[in-house]
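Asks: Residue numbers (our numbering), protein chains in the order written: chain R, 36 to 94; chain W, 1373 to 1695.
Derived from the structure by calculation, the hints contain no laboratory data. It should be emphasised that the depicted structure is a prediction, and the values quoted were computed from it without experimental measurement. Where hints are given, some of them may not hold.
[Claimed, not checked] Only part of the chain R face toward chain W is listed, based on derived beta-carbon distances under 7 Å: (1) S67; (2) K83; (3) V86; (4) V87.
[Claimed, not checked] Stretch by stretch, here's where chain R covers chain W in the computed footprint (C-beta under 8 Å, at least three residues): (5) 1384 to 1398; (6) 1677 to 1687.
Note that beta-carbon positions come from the ideal geometry of N, C-alpha and C, so glycine has one too.
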Amino acid sequence: MADFTELPIPEVDAENLGPVVGQRFPDVVLPSQTGSALDLHEHRNGRKALVVFHRSADW
Amino acid sequence: METLARFSDRHGVSYPLLADVGSVVIGDLGLLNVTLEQERAAFGRPIEERHRGIPYPGSFFLDEDGIVVGKRFEQSHRIRPTGRTLLRQLVGDDGSGPAVGAESASPGVRVAAWLDTDVIYANQLQEVNVRFDLDADVHLYTNPVPDGFRPVGVQLRGDDRLRADPVEIEPGHKFRVAGLGDTFRVVEGQVNVALPFILLSNRDTAGDRARSLTVVVDVGYQACTATECYLPEQVSLELALVEEPNPGYETTDRAAVVPLVMRRLVEGPKTGAELLALVNAALDGVELSSAELDEFTEEMQADNTIDKGADGRWLSSLPRAPR
Chain R
36 MADFTELPIP EVDAENLGPV VGQRFPDVVL PSQTGSALDL HEHRNGRKAL VVFHRSADW
Chain W
1373 METLARFSDR HGVSYPLLAD VGSVVIGDLG LLNVTLEQER AAFGRPIEER HRGIPYPGSF
1433 FLDEDGIVVG KRFEQSHRIR PTGRTLLRQL VGDDGSGPAV GAESASPGVR VAAWLDTDVI
1493 YANQLQEVNV RFDLDADVHL YTNPVPDGFR PVGVQLRGDD RLRADPVEIE PGHKFRVAGL
1553 GDTFRVVEGQ VNVALPFILL SNRDTAGDRA RSLTVVVDVG YQACTATECY LPEQVSLELA
1613 LVEEPNPGYE TTDRAAVVPL VMRRLVEGPK TGAELLALVN AALDGVELSS AELDEFTEEM
1673 QADNTIDKGA DGRWLSSLPR APR
């Protein structure tokens, strides 16, 4: 019978990362590709939104 | 902002892209990726300065009032769900399910392969998804394997024009087999593999009418428990698709196609001139300039998909798909 020793890679507690379900997504104002600042909730203007976090548009 | 504008123009993005310079919002929201160094190490790669400050990859779905009604995070940036997959998961099942899928099972293991669409076009970047569901006490070996064992491997075939990226199976956990005195890697639980592919076509091969096309997903693996191993398995899952004529094939999205082609071409070391000639031959009529090639190679080097060796020749840095 083989004897295994485990060396795990990092686990991420994805469910508890950032704002939780049921919470209002915080106000975010950041510059966009047009060069001017964009207010997430103002831009939504009462519409639903999908907010995606990605590492970079460069690599 | 210039980076975003360039990306946005290149890919025809019509939604806002936001730049979080200094990762201020990422930090405030608690999304800063603090385990990247370990993740990179698991892939045998060092962390670089530009990696610092990136978020964990994930998405939030907000309702009309800005309330978070759904969220999804990936363990790694290597897992990139399609827009449709995200919407289906976050907004809910639209009843369509995977457009086309196939399954198989062996002791302790169930394998499913599917596509989000059953209609594809020449030179369109598509993705086959493969999922392994393993019983609680079962693991599969990834490369390298002990002598005589079969590693997890997934390959696509079914059309001469089909070009697929080398498969990246998640590295899994390290296991040391005491009897063999060496360390191997295994995966457990649920394993998801995404296989990007294109039907690399030119005017002659793109076709001018709809035709049926079967993409075959060849899956190999060997399941073991702590006490025994099952026989190696090799199954072929067939996905029946329709290829519609692509009137825009000659305006191929180079940003999608060129890197796929290049990754295949640099399986052996190539000089820049050799690579340029091969890319242009492979793309048959898409004349890539030397400057454009430089731009692609820079991006791919930054993304760690190709490397420049000490002799100045290009070489793929992706792990090879198990043969």
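Asks: Taking the hints in turn, state whether each one holds.
Replies: Okay, the hints, checked on the actual structure:
no.: 1; hint: S67; in the structure: 5 Å, holds
no.: 2; hint: K83; in the structure: 6 Å, holds
no.: 3; hint: V86; in the structure: 4 Å, holds
no.: 4; hint: V87; in the structure: 5 Å, holds
no.: 5; hint: 1384 to 1398; in the structure: holds (count 9)
no.: 6; hint: 1677 to 1687; in the structure: violated (count 0)
In the structure shown, a violation is registered for the earlier hint numbered 6 alone.
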